[in-house]
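Student: Chain residues, written in single-letter form:
Protein chains: 2
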Amino acid sequence: MLGSSRSVTAIVAALVGIAGLSYMLVKAVVPAAAVSPDAKAALVEFAPDGKLKQPVGYRTWVFVGEPLTPNDLNGGAANFPEFHDVYIDPESFAYYKKTGEFRDGTVMVKELTSVGSKKASSGNGYFQGEFTGLDTSIKDSKRFKDEPGYWAYFSFGHKYPLKAAVSKNPASACNQCHQENAKTDWVFSQYYPVLRAAAPHSK
Amino acid sequence: MLGSSRSVTAIVAALVGIAGLSYMLVKAVVPAAAVSPDAKAALVEFAPDGKLKQPVGYRTWVFVGEPLTPNDLNGGAANFPEFHDVYIDPESFAYYKKTGEFRDGTVMVKELTSVGSKKASSGNGYFQGEFTGLDTSIKDSKRFKDEPGYWAYFSFGHKYPLKAAVSKNPASACNQCHQENAKTDWVFSQYYPVLRAAAPHSK
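Here the protein sequences come in this chain order: C and R.
Using our numbering, the first residue of the first sequence is number 921, and each one after it goes up by one.
Using our numbering, the first residue of the second sequence is number 921, and each one after it goes up by one.
The shape of chain C in the complex, shown without the other chains (with noise of 0.2 Å):
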């Protein structure tokens, strides 16, 4: 049917072509949204001068949980007032969930919010009001080596408006409370029964 072998080397060559463009389409189109969903765009940047910028789309990352110290429990002003809602990357939590460990570049952000209530028609207790603030944690071996565990603090405020950008805080400051008193990698999951479902093995 073919008038030569010409013929066939140039269909050949289209079909091949289009097959790459195709192979191209889908490599481009799944990588970034279908392997974590926000964690490319959402993931955090550091400024020039080595500060870092407010984590943005950490709201869509994974929940981990959420510890409570209400003013009222804290003679009226908690260290972190007062709901901390915490979350991770969803790279590093696919990467928890195989390994039971937290990758080099996990991101955990802890975002606060106060008590707005403490009645509902669900009963008595604690109820979330407005944001007041946003702390963020990394784990880095190289950024910061330094850092016990290679886990840095930063935090953007207890109090709106919240900094652009800040410094890690020192060691003192969060990384020994955490190494000291967190059960997994300087991560509280005593208190994050998500984290410890998700782990292998786990009951």
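For the record, the hints were derived by calculation from the structure and aren't laboratory data.
Among the hints, erroneous ones may be present.
Since the list gives no way to pick out one identical chain from another, each pair is judged satisfied if it fits inside one copy or across any two copies.
[To be verified] Cross-link-like lysine-lysine pairs, in silico, DSSO-like; alpha carbons within 27 Å at most:
id: 1; residue 1: LYS1065; residue 2: LYS1103
id: 2; residue 1: LYS1083; residue 2: LYS971
id: 3; residue 1: LYS1083; residue 2: LYS1065
id: 4; residue 1: LYS1017; residue 2: LYS1083
id: 5; residue 1: LYS1039; residue 2: LYS1079
id: 6; residue 1: LYS1039; residue 2: LYS973
Keeping the supplied structure of chain C fixed, place chain R upon it in accordance with the hints.
Tutor: Below, chain R alone, put in the same frame as chain C:
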């Protein structure tokens, strides 16, 4: 270069076929992964008898908020003991961000955990213990056309082991309270700063 118009027709057919295959490949790979990370795989399933099976994958959905009704503030036995971790499926969250509305098909999950500790290095308060319960609400104008607001409510139990599949609760058990007390379309947005911040034109 080509021998006949039949050859050209055959080649065009082949190219169109490959292009079509490529398109199908892209379609097959992308939507489940890119548009809504875990939603396609994780959205709810009904048993043949109409009961709702336990939702899966919701711990990587979008965290909405966490009311707390501890037993110790509710006569030793809260109606919803004790932390309520509330999630919304990612596609419905994306729709809500655009419109401020809960789309038909919205699924929300409320996972209950016990209070594990009332004192930690961060202060006095409430810290999560273990998973204890699981509730789900679904807005569906076809399946639940007779429910007020089209919202149906399911409880898999507030004590482990949970039930594998359950019928919806009568409207008087859950829907009525949501209808009367929740601020936004049967959802308690007054306690969910994440939702308020995500809605269009919100502060």
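Student: All the hints need checking, so say for each whether the structure fits it.
Tutor: Taking the hints in turn, this is what the structure says about them:
Taking the shortest alpha-carbon separations for LYS1065 and LYS1103, only the intra-copy value of 21 Å comes in at or below 27 Å, while the best inter-copy value is 48 Å. Proximity of LYS1083 and LYS971 under a CA criterion of 27 Å is satisfied intra-copy only: 11 Å inside one chain copy versus 49 Å between copies. With identical chains, the CA atoms of LYS1083 and LYS1065 are at most 27 Å apart within one copy only, with a shortest distance of 25 Å there and 48 Å across copies. When the C-alpha separation of LYS1017 and LYS1083 is checked against a cutoff of 27 Å, the pair qualifies only between copies, where the shortest distance is 25 Å, while the shortest distance within a copy is 33 Å.
For the homomeric pair LYS1039 and LYS1079, the shortest alpha-carbon distances inside one copy (24 Å) and between copies (23 Å) are both at most 27 Å. Neither within a single protomer nor between protomers do LYS1039 and LYS973 lie at most 27 Å apart by alpha-carbon distance, with minima of 36 Å and 32 Å respectively.
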